Amino acid sequence: DAGITQSPRHKVTETGTPVTLRCHQTENHRYMYWYRQDPGHGLRLIHYSYGVKDTDKGEVSDGYSVSRSKTEDFLLTLESATSSQTSVYFCATRDSLNQPQHFGDGTRLSIL
Amino acid sequence: DAKTTQPNSMESNEEEPVHLPCNHSTISGTDYIHWYRQLPSQGPEYVIHGLTSNVNNRMASLAIAEDRKSSTLILHRATLRDAAVYYCILRDFFFNYVGGSSNTGKLIFGQGTTLQVKP
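Residue numbers (the numbering used here), protein chains in the order written: chain W, 5 to 116; chain G, 995 to 1113.
It should be emphasised that the hints constitute simulated quantities derived from the structure, not laboratory data.
Predicted model, so just to flag it, every value in this text is computed and none were measured.
Just so you know, not all the hints are guaranteed correct.
So the derived label-pair ranges between C-beta atoms look like this [claimed, not checked]:
id	chain 1	residue 1	chain 2	residue 2	range
1	G	M1004	W	N102	22 to 32 Å
2	G	E1009	W	K57	47 to 57 Å
3	G	R1075	W	G55	35 to 45 Å
C-beta: ideal position from N, C-alpha, C; glycine also.
Chain W with its partners taken away, still in its complex shape (with noise of 0.2 Å):
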């Protein structure tokens, strides 16, 4: 599809731990996304890029922190894990802003 790879797809962890996602795009999109998805809430933007070095907060930022250092990645790091951030994660590009999203197929993380 997008050509995106989501590392690890599966992560359990322990609570307090530090926990980086990655996000590999092979297509040069310049637009980026972090999404959770939990039952009963749907998928939730966490960060977004839109560009390199360029970052901004999505609706549910608190206990993430993004890095986007070139164009094919985009990194999400829990700097101290809890339970409430066990979840499945999802990435997303896009080309332009009036382009469709692509998404990854999600890296499911538990936080013990």
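Given chain W, put chain G in place with the hints provided.
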């Protein structure tokens, strides 16, 4: 952002047409109507979008009411692979063309309609 209302679930038989409704009574004149779907254990995928006129593509058709307060996604011949959650989403036209860092291009997902397709 304007809100959409969809039925929680629908059922269809394989090879029959499916009409998935979406109500958006507070839609503004600059809102595009987007449809995405999410297959089990996958990320959402784009299906179709439109503004005022009906739209067709290889995946589906989108019928938009004349007053734009509702729309219907039409799958002409459902297959087992079409079993998914279908999301109807409104996006401001001006998000497409206004520049600046405040223009997120984000999508706001509701609960969607879970479509079951029976063989």
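Verification of the hints:
1. In this structure, G/M1004 and W/N102 meet the distance hint of 22 to 32 Å, their C-beta atoms being roughly 30 Å apart.
2. Between G/E1009 and W/K57 the CB atoms are about 51 Å apart, so this pair conforms to the stated range of 47 to 57 Å.
3. Distance hint check: the CB atoms of G/R1075 and W/G55 are about 36 Å apart, consistent with the given range 35 to 45 Å.
When each numbered hint is compared with the structure, no violation occurs for any of them.
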